[in-house]
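Student: Residue strings, one per chain:
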Amino acid sequence: MADLISLSEICISSASKAWKDDGELLATGIGLIPRIAAGLAKLTCNPDLMMTDGETFLISKPLPMGKRDSSADLIEGYMSYSRVFENLWGGHRHAMVTPTQIDSFGQTNISCIGDHENPKVQLLGVRGFPGNFISHKNSIFIPNHSTKTFVEGEVDMVSGMGYNSHHAHAGKPEILSVITNLGVFDFNGPNHQLQLLSLHPGVSADDVCSNTGFNITIKSEAETLLPSDEELVLIREVLDPLGTRKLIFGE
Amino acid sequence: MNKVLTHHEVVDQLSDGMTIGVGGWGARRKPMSLVRAICQSELKDLTIVSYGGPDVGLLCAHKKVKKLIFGFVSLDMIPLDAHFRQARQNGELEVMELDEGMVQWGLRAAAMKLSFLPTRVGFGTDVLKYNPEIKFITSPYADGEEYVAMPALNLDVALLHVNKSDEKGNTQIYGPDPFFDEMFARAANKTYVSSEEVVSTEDLGGKEGAIFNRFERSLVSGVIHAQGGAHPTSCAPSYGFDMEHLKTYSAAAKSFSEYSDQFLNISHEDYIEAVGGETFINNIPLPQF
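Chains V and Y, in that order, are what the protein sequence lines are. For the record, in the first sequence the residue sitting at position 58 is 58 according to this note's numbering, with numbers rising by one throughout. Just so we're on the same page, this note's numbering is the position in the second sequence counted from 1, plus 1000.
No lab work stands behind these hints: they were computed from the structure. Some hints here could point you the wrong way.
Said to hold, decoys possible - With a straight-line cut-off of 25 Å between C-alpha atoms, the simulated SDA-like cross-links for lysine to any residue are:
{"no.": "1", "chain 1": "Y", "residue 1": "Lys1247", "chain 2": "Y", "residue 2": "Glu1208"}
{"no.": "2", "chain 1": "V", "residue 1": "Lys67", "chain 2": "Y", "residue 2": "Ser1139"}
{"no.": "3", "chain 1": "Y", "residue 1": "Lys1066", "chain 2": "Y", "residue 2": "Glu1145"}
{"no.": "4", "chain 1": "Y", "residue 1": "Lys1207", "chain 2": "V", "residue 2": "Thr56"}
{"no.": "5", "chain 1": "Y", "residue 1": "Lys1190", "chain 2": "Y", "residue 2": "Leu1080"}
{"no.": "6", "chain 1": "V", "residue 1": "Lys246", "chain 2": "Y", "residue 2": "Pro1118"}
{"no.": "7", "chain 1": "V", "residue 1": "Lys172", "chain 2": "Y", "residue 2": "Glu1145"}
{"no.": "8", "chain 1": "V", "residue 1": "Lys67", "chain 2": "Y", "residue 2": "Lys1135"}
{"no.": "9", "chain 1": "V", "residue 1": "Lys61", "chain 2": "V", "residue 2": "Val84"}
{"no.": "10", "chain 1": "Y", "residue 1": "Lys1066", "chain 2": "V", "residue 2": "Leu242"}
{"no.": "11", "chain 1": "Y", "residue 1": "Lys1164", "chain 2": "Y", "residue 2": "Thr1201"}
{"no.": "12", "chain 1": "V", "residue 1": "Lys246", "chain 2": "V", "residue 2": "Ser70"}
{"no.": "13", "chain 1": "V", "residue 1": "Lys61", "chain 2": "V", "residue 2": "Gln193"}
{"no.": "14", "chain 1": "Y", "residue 1": "Lys1064", "chain 2": "V", "residue 2": "Glu117"}
{"no.": "15", "chain 1": "Y", "residue 1": "Lys1066", "chain 2": "V", "residue 2": "Ile113"}
{"no.": "16", "chain 1": "Y", "residue 1": "Lys1168", "chain 2": "Y", "residue 2": "Glu1208"}
{"no.": "17", "chain 1": "V", "residue 1": "Lys172", "chain 2": "Y", "residue 2": "Pro1118"}
{"no.": "18", "chain 1": "V", "residue 1": "Lys148", "chain 2": "Y", "residue 2": "Lys1064"}
{"no.": "19", "chain 1": "Y", "residue 1": "Lys1129", "chain 2": "V", "residue 2": "His166"}
{"no.": "20", "chain 1": "V", "residue 1": "Lys172", "chain 2": "Y", "residue 2": "Lys1207"}
{"no.": "21", "chain 1": "V", "residue 1": "Lys172", "chain 2": "Y", "residue 2": "Lys1247"}
{"no.": "22", "chain 1": "Y", "residue 1": "Lys1044", "chain 2": "Y", "residue 2": "Asn1002"}
{"no.": "23", "chain 1": "Y", "residue 1": "Lys1129", "chain 2": "V", "residue 2": "Leu124"}
{"no.": "24", "chain 1": "V", "residue 1": "Lys172", "chain 2": "V", "residue 2": "Gln193"}
{"no.": "25", "chain 1": "V", "residue 1": "Lys172", "chain 2": "Y", "residue 2": "Thr1138"}
{"no.": "26", "chain 1": "Y", "residue 1": "Lys1254", "chain 2": "V", "residue 2": "His166"}
{"no.": "27", "chain 1": "Y", "residue 1": "Lys1207", "chain 2": "V", "residue 2": "Ser82"}
{"no.": "28", "chain 1": "V", "residue 1": "Lys172", "chain 2": "Y", "residue 2": "Leu1080"}
{"no.": "29", "chain 1": "Y", "residue 1": "Lys1254", "chain 2": "V", "residue 2": "Pro119"}
{"no.": "30", "chain 1": "V", "residue 1": "Lys148", "chain 2": "Y", "residue 2": "Lys1247"}
{"no.": "31", "chain 1": "V", "residue 1": "Lys246", "chain 2": "Y", "residue 2": "Gln1288"}
{"no.": "32", "chain 1": "Y", "residue 1": "Lys1135", "chain 2": "V", "residue 2": "Glu154"}
{"no.": "33", "chain 1": "Y", "residue 1": "Lys1064", "chain 2": "V", "residue 2": "Gly77"}
Since the model is a prediction, treat every value here as computed from it, not as a measurement.
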């Protein structure tokens, strides 16, 4: 099985570990890989996680990607948007998100590229990033690690706060894990510098450095732990039987 | 008491420069027939407050928006709204860009007749840089913590779409998530509600129906019967969003007049026929996320 493991599966397995010590937090994986990863975490390293059906209800078993018979969902609770705000302001959530830009301070942007008055590219707007990053744990998945995503200087519109926030009471964000198509990282280097924890198969530290717009700490150049046979079965047969994960890297 | 109005009677109550809040969320339960009626009118220079979807896009395409107060604009399955993007990238919009929760906090402050509500949200981000009118407040208690003082978002008018209503403005929302429609209604001087069905009070379903009554009728100034009024957005549990129409709408950013002639400069009844009819709309399956 091991020789057929794909990059998306490696990312899902690595990303799932972000939630392993969270207990009963609400796990929100936004986007294809983070969502499958949150489901994998619930089925492996943290069965206590709470998770929604992607809309309004808390469900006991992670939902597979693609169409399903929703009458079979095992619903255990309610999580309207209003409830999500109450939950997140209390810090009871760990989200995994995909910002368009991230900088050396861990500041993230999903709002717009270029000048805020007259943006070159208008994206979503800051959405819930300001509240999320100041209130609860976040992890990050970046499918296209490059100097356009890991930018020099600061991101164009700071949507999620970074470790350079000097506000006495607001404190620092808690960015747990950063998973990209090149490797696994965290922000626990000296002075919260981004640090490399492992490299995906076939990737070198030079590849990472030349695709990052700022200096990083190389803590380890070990190869990323590959998904276990159990994880592969869960990803392929339970969480994503239609193989939607393959779209992300065109596998 | 009879609050039933036509779309045009609602538009006649509005004036240039008003601050209008639009209920729903993204591509879900938007009062689109009222939005289209505004697009057909001579109204201009509006300030729009919205968890934005095609309501914001259509109003931008018709140059109705002077200022947008928002956290996001998205069509859900289609992540970005082409018309809103075009307006922003052409530098046409004044914006107050906020965290989604700050929008709720501003509406809640207005609903409670407060000038602001404190929050930590905004610190460490460019939301404060680009909204220098937002000020700060220090806790008077021993902690002395400094907070963002999110100002009240007072609305002249709120526009909402619901599943069922009576003539008095007793409304019911059956979708599992009522979003923040209640806050919009409470933050506004006047609230106009379009409704899939307008029935007698006897037909509101008694106690079981009343659980879905999210805000009281004294907040409602007008009820508009508009079956399919949320199309092309969803109105759970009756219908999902019309993906094909949202694609057509998105593509119209390149040449808007054709879309406008086909779908906008017509009555609500003709619109429903033009997009496929009531039966077609009620058969659009609910989305799965």
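Student: Each hint: holds or not?
Tutor: To see whether the hints hold, each was checked on the structure:
A threshold of 25 Å between alpha carbons decides the hint, and for Lys1247(Y) with Glu1208(Y) the separation of about 38 Å lies outside it, so the pair is violated. Restraint check for Lys67(V) and Ser1139(Y): the C-alpha separation of about 50 Å exceeds 25 Å, so the hint is violated. Proximity of Lys1066(Y) to Glu1145(Y) is assessed by CA-CA distance (about 36 Å); at most 25 Å being required, the pair is judged violated. With a C-alpha separation of about 23 Å, the suggested pairing of Lys1207(Y) with Thr56(V) holds against the 25 Å cut-off.
A C-alpha spacing of about 30 Å is found between Lys1190(Y) and Leu1080(Y), which places the hinted pair above 25 Å, so the restraint is violated. Of the supplied pair hints, the one linking Lys246(V) and Pro1118(Y) is violated, its CA atoms being roughly 44 Å apart against a limit of 25 Å. Our distance criterion of 25 Å between C-alpha atoms is met by Lys172(V) and Glu1145(Y), whose separation comes to about 15 Å. As the CA atoms of Lys67(V) and Lys1135(Y) are separated by approximately 47 Å, the hinted pair breaks the 25 Å bound.
Proximity of Lys61(V) to Val84(V) is assessed by CA-CA distance (about 19 Å); at most 25 Å being required, the pair is judged to hold. Note on Lys1066(Y) and Leu242(V): the hinted pairing is violated, with a Cα-Cα distance of about 45 Å set against a maximum of 25 Å. Of the supplied pair hints, the one linking Lys1164(Y) and Thr1201(Y) holds, its CA atoms being roughly 10 Å apart against a limit of 25 Å. For the hint linking Lys246(V) to Ser70(V), the alpha-carbon distance of about 24 Å falls within 25 Å, and the restraint holds.
Between Lys61(V) and Gln193(V), the direct Cα distance comes to roughly 36 Å. Violation of the 25 Å bound is thereby established for this hinted pair. Straight-line distance between C-alpha atoms of Lys1064(Y) and Glu117(V) comes to about 18 Å, which keeps the hinted pair within the 25 Å bound. For the hint pairing Lys1066(Y) with Ile113(V), the CA-to-CA distance comes to about 22 Å; that is within 25 Å, so the pair holds. A distance of roughly 19 Å separates the Cα atoms of Lys1168(Y) and Glu1208(Y); the hinted pair therefore holds under the 25 Å criterion.
Between Lys172(V) and Pro1118(Y) the alpha-carbon distance is near 19 Å, which keeps this suggested pair within the 25 Å criterion. Taken as a hint, the Lys148(V) and Lys1064(Y) pair is broken in the structure, with Cα atoms around 35 Å apart against an allowance of 25 Å. Taken as a hint, the Lys1129(Y) and His166(V) pair is honoured in the structure, with Cα atoms around 15 Å apart against an allowance of 25 Å. A threshold of 25 Å between alpha carbons decides the hint, and for Lys172(V) with Lys1207(Y) the separation of about 48 Å lies outside it, so the pair is violated.
With a C-alpha separation of about 41 Å, the suggested pairing of Lys172(V) with Lys1247(Y) is violated against the 25 Å cut-off. Using a Cα cut-off of 25 Å, the hinted pair Lys1044(Y) and Asn1002(Y) is violated, with the two alpha carbons roughly 29 Å apart. Of the supplied pair hints, the one linking Lys1129(Y) and Leu124(V) holds, its CA atoms being roughly 18 Å apart against a limit of 25 Å. Straight-line distance between C-alpha atoms of Lys172(V) and Gln193(V) comes to about 13 Å, which keeps the hinted pair within the 25 Å bound.
In summary, the hint linking Lys172(V) to Thr1138(Y) is supported, as the alpha carbons are separated by about 19 Å, within the 25 Å threshold. The hinted pair formed by Lys1254(Y) and His166(V) fails the criterion: a straight-line CA distance of about 44 Å is larger than 25 Å. A threshold of 25 Å between alpha carbons decides the hint, and for Lys1207(Y) with Ser82(V) the separation of about 23 Å falls inside it, so the pair holds. This hinted pair does not check out: Lys172(V) and Leu1080(Y) have alpha carbons roughly 30 Å apart, beyond 25 Å.
The hinted pair formed by Lys1254(Y) and Pro119(V) meets the criterion: a straight-line CA distance of about 18 Å does not exceed 25 Å. Of the pairs offered as hints, the one joining Lys148(V) and Lys1247(Y) is violated, with about 29 Å between alpha carbons and a cut-off of 25 Å exceeded. Between Lys246(V) and Gln1288(Y) the CA atoms are separated by roughly 20 Å; this keeps the pair inside 25 Å, and the hint holds. Between Lys1135(Y) and Glu154(V) the CA atoms are separated by roughly 24 Å; this keeps the pair inside 25 Å, and the hint holds.
Restraint check for Lys1064(Y) and Gly77(V): the C-alpha separation of about 41 Å exceeds 25 Å, so the hint is violated.
Checked against the numbered hints given earlier, the structure breaks hints 1, 2, 3, 5, 6, 8, 10, 13, 18, 20, 21, 22, 26, 28, 30 and 33 and satisfies all the rest.
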